[in-house]
Amino acid sequence: MKVRSGKARLRSKRRLLREAKGNFGGRKNLNRTIRETILRSRAYAYRDRRVRKREMRRLWIIRLNAACREHGLRYSEFINGLTKSGLTLNRKSLSELAFHEPAVFAEVLNVVKASL
Amino acid sequence: MAVDIAQRTSVAKNETFEPQWYHIDGEGQIVGRFASALAMVLMGKHKATYTAHVNTGDFVVVTNVDKVRFTGAEMAHDSHPNFTTKMANKTYEHYTGYPSGRRITTGSAMLEKHPEKILQEAVRRMLPKNKLAKSMLMRLKLHVGSEHPHQSQNPQPLPEHLLTRCK
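Those sequence lines, one after another, are chains R and E.
Just so we're aligned, residue -17 is where the first sequence starts under my numbering, counting upward by one.
Just so we're aligned, residue -17 is where the second sequence starts under my numbering, counting upward by one.
FYI, nobody ran anything at the bench for these hints, they're computed from the structure.
Glycine residues also receive a C-beta, built at the ideal position from the N, C-alpha and C atoms.
Possibly wrong hints are sitting among the right ones.
Restricting the straight-line Cα-Cα distance to at most 20 Å, the calculated cross-link-like pairs of lysine to aspartate or glutamate (EDC-like) are [unchecked claim]: (1) Lys27/E / Glu18/R; (2) Lys111/E / Glu83/R; (3) Lys27/E / Glu1/R.
Cβ pair distances, simulated, as ranges [said to hold, decoys possible]: (4) Trp3/E / Ser(-6)/R: 56 to 62 Å; (5) Gln(-11)/E / Ser97/R: 47 to 53 Å; (6) Arg22/R / Gly127/E: 52 to 58 Å.
Starting from the given sequences, assemble the full structure and let the hints guide the process.
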């Protein structure tokens, strides 16, 4: 019997079409363009899941710097004091504290300042 | 004290964000240093709620913008107390979009025609080059002379710790 790939091919094409939904112009209509776009987008997605972790850390540091400067401390001085104080809060939870509970963060700053 | 810390990093929302109003006298401030301090406030980077995709900046009212100065050797000028060589040599360029549409304005001409543009241009170039920049710049209110029409917003004096780079 002759083996035909009709159904499988159609299914894989549909899968690609579904993933290309919402793209602009030929990127959602043309078979070859879809394939290129999707391969590229998956590569970006893989890379940027890792980049995201660096970007978030940068954001926390920006926020912490702002919160510290309000109390007359630079970020670098703050981290120096934090290490010396033995507090084990990380940058993420510290920035969340500064975001939602400025009063609690000020308390943390007092501890940090005391150990400088 | 019980504090609820979520797993996700919080972001500021346009709907709930309430900008502050600040006021500062621009007299005698050095343009570049002053502009960088203003840009920080306009971008919202002075607050723990900074979020890159939301305009979390505050309003800043600057009076006496015509009296900002540049560094450099002092020069005599009939309308400006601290006119310097740098101001005289400075040029502002823009392109009209028509062929050979390059226009050049000197610092002293800018001071006479649009004194507030000197500081505005300096700040604008320090803001991020994105779609939020426009709305950030709109929160900067520049006024020639010591009067301003924003009394009903009750602007507070700009806190000292935001001006450390102007020293």
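Okay, the hints, checked on the actual structure:
{"no.": "1", "hint": "Lys27/E / Glu18/R", "verdict": "39 Å, violated"}
{"no.": "2", "hint": "Lys111/E / Glu83/R", "verdict": "32 Å, violated"}
{"no.": "3", "hint": "Lys27/E / Glu1/R", "verdict": "37 Å, violated"}
{"no.": "4", "hint": "Trp3/E / Ser(-6)/R: 56 to 62 Å", "verdict": "59 Å, holds"}
{"no.": "5", "hint": "Gln(-11)/E / Ser97/R: 47 to 53 Å", "verdict": "29 Å, violated"}
{"no.": "6", "hint": "Arg22/R / Gly127/E: 52 to 58 Å", "verdict": "56 Å, holds"}
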